[in-house]
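Following the hints, complete the assembly by docking chain S onto the known chain Z.
Now for the letters of each chain:
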Amino acid sequence: MTAAKVIGRDGLDELLRHLAALGYRTLGPVARDGAITMAEVSSSADLPEGFHDRQAPGSYRLEPGQGQALFDWAVGPEPLKALVFPPRAVIWTAKPPSYHVQEVADDAPPVAVVGARPCDLAGLQVLGRSIGTGPVADPIFQHRRHQAFLVVVECTRPASTCFCVSMGTGPGATHGYDIRLTELLSDDGPPSYLALAGTPAGRRALGQLPGRPAQAADERARVERLAKAASRMGRSVDTTGLPELLARNLSNPRWDAVAERCLACGNCTAVCPTCFCANFQDTTGLDGTVRRERTWASCSDLAHSYIHGGPVRSSIKSRYRQWATHKFSWWWDQFGTSGCVGCGRCITWCPASIDITEEIAALRASDGAAPTEEEPEP
Amino acid sequence: MATLTEPSPAPAPTGPFTPATFRVAGREQEAPDVATLALEPTDGRSFAFHPGQFNMLTAFGVGEVPISISSRPGSRPLLHTIREVGPVTAALCRAPVGSLVGVRGPFGTDWGLDAFAHADVVVVAGGIGLAPLRGAVQVLLDRAGLPMGPRKVVVLVGARTPDQLIFRRDLDAWRAHAEVAVTVDMATSGWEGNVGVVTSLVGSAGFDAHRAMALVCGPEVMMRHTVQALIERGVLPTSIRLRVSLERNMQCGTGLCGHCQLGPFLLCRDGPVVTYPQASRLLAEAEL
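Protein chains in written order, with my numbering: chain Z, 2 to 379; chain S, 77 to 364.
In short, the hints are calculated from the structure, not lab data.
Even for Gly, the Cβ is constructed at its ideal location relative to N, Cα and C.
Listed next, the stretches of chain S that the computed footprint assigns to chain Z, with coverage defined by at least 3 CB atoms under 8 Å from CB atoms of chain Z:
#, region
1, 132-139
2, 332-343
3, 352-363
With the rest of the complex left out, here is chain S:
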C-alpha cells in the first residue's frame, strides 16, 4: 500500500465497479484482530449513507471486500471497522495512516430507523456485528426524547472474550442515555462483567416487549438464538419488528456478480438488513 504523496483530484468515477480513492486519515486498533479505519475522500466529496449499509473497500493490489460503515451519517471521517480474516481484510486493517484505499458504495438496505418512533429499540450485537449497529445506536440516541424518537434504547453486546470487545468508549458513553449490557463467552482475569452468550441478556433487559423493535447483527447462529429469545420474551414476530443483518460472499455490491444469493435475495441489494420473517426459513436451511 503506497503512501500518499499529494492528493490530486480526479474526476468522479461513474462505472458501477469503479472505486473512488480515499485516504486513511486515522486508524484505531479495537481488538487484537480488529481495527477501525477513518477515511477521507481525496476529492473532498461528501458521502451520504444510512446506518446498516456497507461499502466495498479495496486494498489496492490485494482485492476488495464488503465492509459495514460504522460511523454515523453526516459525520466525518467515514469509519469502517474491520476484522482480519483474510488477505484483503488484513491489508485494510494494517493500512497505515496516509495510505490510499478504494471505496465503492454505499450499498444495500439499512436499518430503517425512521420506523422506530416511540418504540423500545433493542439492539443486539455479537462480536464485529456491533460495527453496522454503531451508527444506528448513535442516530437513535440523537433522536431519543424528540417527538419522533424512540422511547428507549437497549444495547446488548456479546463478545467471545473481553479483549474482543469493540467500541468500549462508545459503550460507556451510551450508558448515559441507553441501557447497555455486555457479556463475554469466556472471561479472562480482571473481567468483572457478565459471562455467557448474548441471548442470556435478552430475558432481563428492561424493555416493553409489546412496543419493542429489535435490530440484530452477529454470526447466524447467534442471530437465530437471539430472535428466539426475543420472541419468547414477547416481541412480536411481525414483518417489521425484527431485523437482522446477513452476510454472504459479495464481489460487486450491485446485484451483478451473483455471489451473495440467499434464496430469493441478492443480499447486497435486498439485504444485508432484512426482516426476520423474510429470513427465518432461509436461515433454517443449512448451506442455502
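Same shape as in the complex, but just chain Z:
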C-alpha cells in the first residue's frame, strides 16, 4: 500500500486551499435548503458539521446533530452527474446564410469534489461506460471527467434507503478516486481522516498536507467503521440472475400495480447518478442564429419515446418498466454493467414512495406470473 496518512481538519483546509491554488473549482457538501447539496467550498467550515440525514421512501430530513463529524450523513439529492453531464449545454450554433456549424467548446473550469460518496464514484464509472467511452463518446463528459479531481469520503452512516452493499459499490471505495478519506471518530476530540491517494495527482496533493503516517490501528478503525456501515445498510437487492429475471418478466402483473402509484414525474431519473438520456433541441435567435441545445431527458416523460403517430410508451406502466428494466437488465447488454449503483436516491425522492428494491423483490417473488396479455407471437 502506498503511504496512507492521517490528517486532521486543518489537513482538509489545506487540501481545499491547495486544490483552489491549482485552479480547481472546489465543490463539496454543504447543508443548504434542508438538504446536503453540492456547492462551492473553500474551507472545512463550509462542510456540514454535525448534520445527519434521515431518509425513507418519499422522505428526506436533514437534522442538525451533535459532534464534530463533517461526513456523518449518507447522500444528498445530487449525484456528481451534473458536473460531467450538464443539465443544459449548447452544442453548436449556426448562422445564416452559410449555416456553417460552429461547435461550442465546453469551457467549464476543472472541478475538484471533496466529499463524493463511493456510490457516486460508481455512478461516474457507469456513466463513463455508457457515454464516456467507445467509438463515439460524449465530448463534454470526457473533457470534464478527465479534468476532475475526486476526493471520496467513505460512507460510515448509510441511510435506510441505501443498498450499495448489494450492488457492490460501497460503503468503502476501492478505485476511481484521487484521494480516499475515511472519517475516524474520536471520543474526546474532533474526527481525523485516514487518507490514501489513488492517483499520482492525489499523491502529490496528499504530500502537501499536514498529518502523520497512518498506522495499523487506523486501518483497523476504518475497516470497523465500514463493516458497521455495511451492517446498517437499510435495503438490499438480490442481484442473482437479475437481468434475466427482468427480461423474462416484461408481462408480470406487478408492473400494473406499480403503475397505479407512479406519477411519471421523472424525479427518479433526475436524481439517478447514471441516467443519461438527453434531448436535442433547436432554437432560433432574432438574427436567425440557430442554437442546438442538449438538455436532460427522462424516460418517464411521454415525449421520450415519441415517433410519428404518437409515443411508443404511452402508458405509465411501460415507462416505469423501461426505467427499471434498463437499469437492472438491458444496461448489461448495452454497457456491460449494472445501471444501478444502490445510492437509494430514486427511493427517497419519489413523491409516491415507490421503492425499487421492493419492486424487484416483488417481481422475483412472482417470477413467471401469468401474463395478462395475449400470447407472444412466434
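Relative to the frame of chain Z, chain S by itself:
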C-alpha cells in the same frame, strides 16, 4: 430555411453532434406527403455508407430527425426520402432547391448484403419502408449474375393507396431484372393492380423458400405479419435470414441520448437493421 448565396468551404466538423452542411441539389415529390431530397456536400467531401443506414438531417432552426438514406452507395447526390409527419420532416420535405440542411451520419447497421450470395433475396416494403431498401435493391441488381451475386431478387411493395406508392420509376426499371409485385390497401379509380396487404403477395411470389433471405421494412405490424407469412412459406427463421429495420425516437444517432432503446438494443447503434430472431420477442411485447 435560407437560400444558398455562395458555398464557402468550412473545416470538417468533428464532434459527434455536429452536422455538416449540405445543399439541396434537387427535390422530387414522390407522393402527396413524401419528397426525395438530393443533397450535395458544400465542402465537396465524399460520403460513404451502406444500404440500410440512416443520417440525422437538420432543418436549421426547426430540429433534427433520423432519415434513411435512399440512394445507392457510391452514387451522387445523396438521396433521402422523407414523409411529412411533423415540423422537422415538413421543413425538410419543403426545403427548396439551393437551401441548406445539416447532415450527420451515416449511423446504424446496414442490410449486410455481402451475405446474400446465391440467395433468393425477398425484399418486402410497406409505404415509406421502401426508402431504406431502395439502395439495397439497386446493389443486389448490380450484383445479379455475378459469381457472388444473388440468384434472384423479388421485390414486394405495399402502399396504402396508389398515390402513396413511391419510387414508381424505379419499380418499373427493376422489373427487367427482378420480380416486382405491388399492392395497395385501398384502390382508387384507375388502379388495375393488386389490392390487399403486402403479406398477401408473399404466398405467390416466385422464390425458393429454402434459399431465401428476406429484408423487411415497414410499420411494425406489417413486419410481424410479413415475417409470419415468410416463415409459413418455408423461409428458415434462423438468425441471419430474416432482417427487419426498426424505428424509435432517435436524437443523437450515436447511442448517447438514450431515446432509441428497445430492450437490449440502442437501435441507432445496434439497429435499425436487426435479425428477426433478435427482434421477435421484443416486438411481441407492447410498448417496450
